[in-house]
Amino acid sequence: MPFWFGLEKVFINCITQSSFNLFCVMKETQIEVSGVVKHFKDVRAVNGIDLTIYKGEFVALLGPNGAGKTTLVEMIEGIQKPDSGEIKLKGMTWAEHARQLHQIIGLSLQETRFIEKLRVRETLELFASFYGLGSERVEEVLELVNLTEKQKAFTDKLSGGQRQRMALGISLLNEPEILLLDEPTTGLDPNARRELWDILLNLRKRKGTTLILTTHYMEEAAYLCDRIVIMDQGSILAEGTLKQLLSKHVKGEVIDFSIDRPLEKEALPGQQAILNYTFDKDTLSGELLVTDIVKFLPDFLLYVQKEKIRIDSLECRKLTLDDLFTSMTGRHINQ
Amino acid sequence: MKHPIILLILTNFREFLRQPGAVFWAVFFPVLMAGGLGMAFTQKGELNQKIAFVGNEQTEEKSWTKKVGNETTGFTNYEFLNVGFDEGVVLLKRGTVDLIVKKEGEKYMYHFDPLNPEAQLAYINLTAVLNGNETLSNGEDVVPLKEIGSRYIDFLVPGLMAMGVMMSCMWGISYGLIEKRSKMLLRRMVATPMKKTHFMAALLAARTVMSAIEASILVVFSWLFFDIHIEGSFSALVVLYLSGTLAFAGIAILTASRTDNTYVGNGILNAVVMPMTILSGVFFSYHGFPDWAVSIIRLFPLTIFADTARAIFIEGAGWSQVVLPVGVLAGLGLVCISVGMKVFKWY
Chain E
1 MPFWFGLEKV FINCITQSSF NLFCVMKETQ IEVSGVVKHF KDVRAVNGID
51 LTIYKGEFVA LLGPNGAGKT TLVEMIEGIQ KPDSGEIKLK GMTWAEHARQ
101 LHQIIGLSLQ ETRFIEKLRV RETLELFASF YGLGSERVEE VLELVNLTEK
151 QKAFTDKLSG GQRQRMALGI SLLNEPEILL LDEPTTGLDP NARRELWDIL
201 LNLRKRKGTT LILTTHYMEE AAYLCDRIVI MDQGSILAEG TLKQLLSKHV
251 KGEVIDFSID RPLEKEALPG QQAILNYTFD KDTLSGELLV TDIVKFLPDF
301 LLYVQKEKIR IDSLECRKLT LDDLFTSMTG RHINQ
Chain F
1 MKHPIILLIL TNFREFLRQP GAVFWAVFFP VLMAGGLGMA FTQKGELNQK
51 IAFVGNEQTE EKSWTKKVGN ETTGFTNYEF LNVGFDEGVV LLKRGTVDLI
101 VKKEGEKYMY HFDPLNPEAQ LAYINLTAVL NGNETLSNGE DVVPLKEIGS
151 RYIDFLVPGL MAMGVMMSCM WGISYGLIEK RSKMLLRRMV ATPMKKTHFM
201 AALLAARTVM SAIEASILVV FSWLFFDIHI EGSFSALVVL YLSGTLAFAG
251 IAILTASRTD NTYVGNGILN AVVMPMTILS GVFFSYHGFP DWAVSIIRLF
301 PLTIFADTAR AIFIEGAGWS QVVLPVGVLA GLGLVCISVG MKVFKWY
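Protein sequence lines, in the order shown, are assigned to chains E and F.
Note that the first sequence covers residues 1 to 335 in the working numbering.
Note that the second sequence covers residues 1 to 347 in the working numbering.
Hints in this document: simulated from the structure, not taken from any laboratory.
Check before you lean on any hint, since a few could be wrong.
Selected chain E positions facing chain F (in silico; Cβ < 10 angstroms) [what the hints assert, rightly or not]:
id: 1; residue: GLN80
id: 2; residue: GLU116
id: 3; residue: LYS117
id: 4; residue: LEU118
id: 5; residue: SER129
id: 6; residue: ALA167
When the alpha-carbon atoms are kept at most 30 angstroms apart in a straight line, the in silico DSBU-like pairs for lysine-lysine are as follows [unchecked claim]:
id: 7; chain 1: E; residue 1: LYS41; chain 2: F; residue 2: LYS183
id: 8; chain 1: E; residue 1: LYS88; chain 2: F; residue 2: LYS196
id: 9; chain 1: E; residue 1: LYS117; chain 2: F; residue 2: LYS345
Please read all numbers here as calculations on a predicted model, not as lab measurements.
The beta-carbon is built from N, C-alpha and C at its ideal position, and this holds for glycine as well.
With the hints as extra help, turn the sequences into a complete structure.
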């Protein structure tokens, strides 16, 4: 038996162990939510949620109004207390380490109206003083959120986008390790939304901040976040990267069309390729979910031609998060 | 870097001073009220009062005037309106007249509400004029009081000052807190390392300074225009003012400790402020109320504050007389603040 017999096993073990350690270092847990439940009177707003968020991750909590996103985020922020379960931020709890936690988190609430007759700069200086920070940091933040020119404006004279940027600026004053933003772009026009997204992406590049963001905009979750957590009625329906979610939970591709007469499913060709079919007789429009468009579409077009059905519109597309949400809940996310 | 308390105090000032409407109502309204009421009661001219006259003779004359009184007590011009009885009743209901005189043969009958003091006085005067009763004085035995401290304005200003402090604290603190809560601003502020005691201390400090300025403007105005004097100890007045401010700031914090609805807040504030404004003897003495009511009214913080301020202003009261009320007001303030802070809803 050669003398090195067995060493390769030790070697492999070492490599596995060190990569595991490396993995652990890279995926340092920042937020740990375990078995959290929250009731409001008879409504179970959060229904036993478990969620782990790692350092530097951008996570979107996606769901319709009333899904429990805000309640969950406010519990993580220490604003609300869970009825049961536990929340830890960097291993600390709100009950024991409120002071330290206030120092390391930044947040913007779903709706905060600031003091109307206070100027933008004065508002930021006030909040900066709570963290023991001075004018220099205020200058930096004003620049970061593109409000230097508006620093002398009263807060009630700001546009929706400027107001949201100011709220974001306040949440960034203490250079938070953990940033929690509750619907930061709701009600903003596409340009204002894009500006805010750029600030956040910049932040990820430069600071490695951990972010939880709630939204009901699919594209926001898809554009900004590494991981998407889909919530509905206080529970997590699914989580993962956009790619994982789509490949794991929905299969197929979609053909949307409108024609000049009703069309029954039974009449369609290539039945084995059809995963789902809906037709609205009022608008004479249908949606086909098929395993493979390339194979299905020629047969479909031939059939339509043969039956002399007039096609008013036809659109083929990949599945989106919206389709995923609809397939899971039977509703559209913005309903 | 500035200390958070300094910035919080500055914020309170900016918030108030940048709203001209708020400044007007807080500072100039009490001054206008003192001015208006002071003028009305210090420069008494001839009074005019309308009387409905129902005669038994046909006369063309629609109205005629009779002047009653003397140089010392002043004159009242009674304008008799020649009307039918029913019309007289309508005028009485409208408040145009307080009294109806009906001539029945050679006799005069007087119809009026005996609880209405104006009507009562008119009755006494008119019986003298119309029936020749000897009830009317010629004023020889009247010694008019015109010395400082015994005029209505002397009674009014200390009460207005106390009421100003109450209003300033109740609306300034309570309404501000409820509004900040409904805007989610309180929630946002306590999600930072801000100390809650800093927030409250700044609120108290800013309000103390602001209502001191408001009270000073009122007192200086009254001194310039009505020659009001502070007969008693000025330092006792300052301490009384501070304890009054503490009492009302405490009540304000307690009042605003829970609700986040400005309509509900409005109702609660009015429920606290209105009874004291009406009953605590700011505009007229509460001693006209029944004894049982007076014993309750004297427990109101505004009554304690106004009565003690009046004692300092016009009776020359000093430290010994103000220790008890100051203690009661300060104690009430501290109890209210500590209970208010305990039950305070930040989120």
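Hints violated by the structure (listed by number, smallest first)
none
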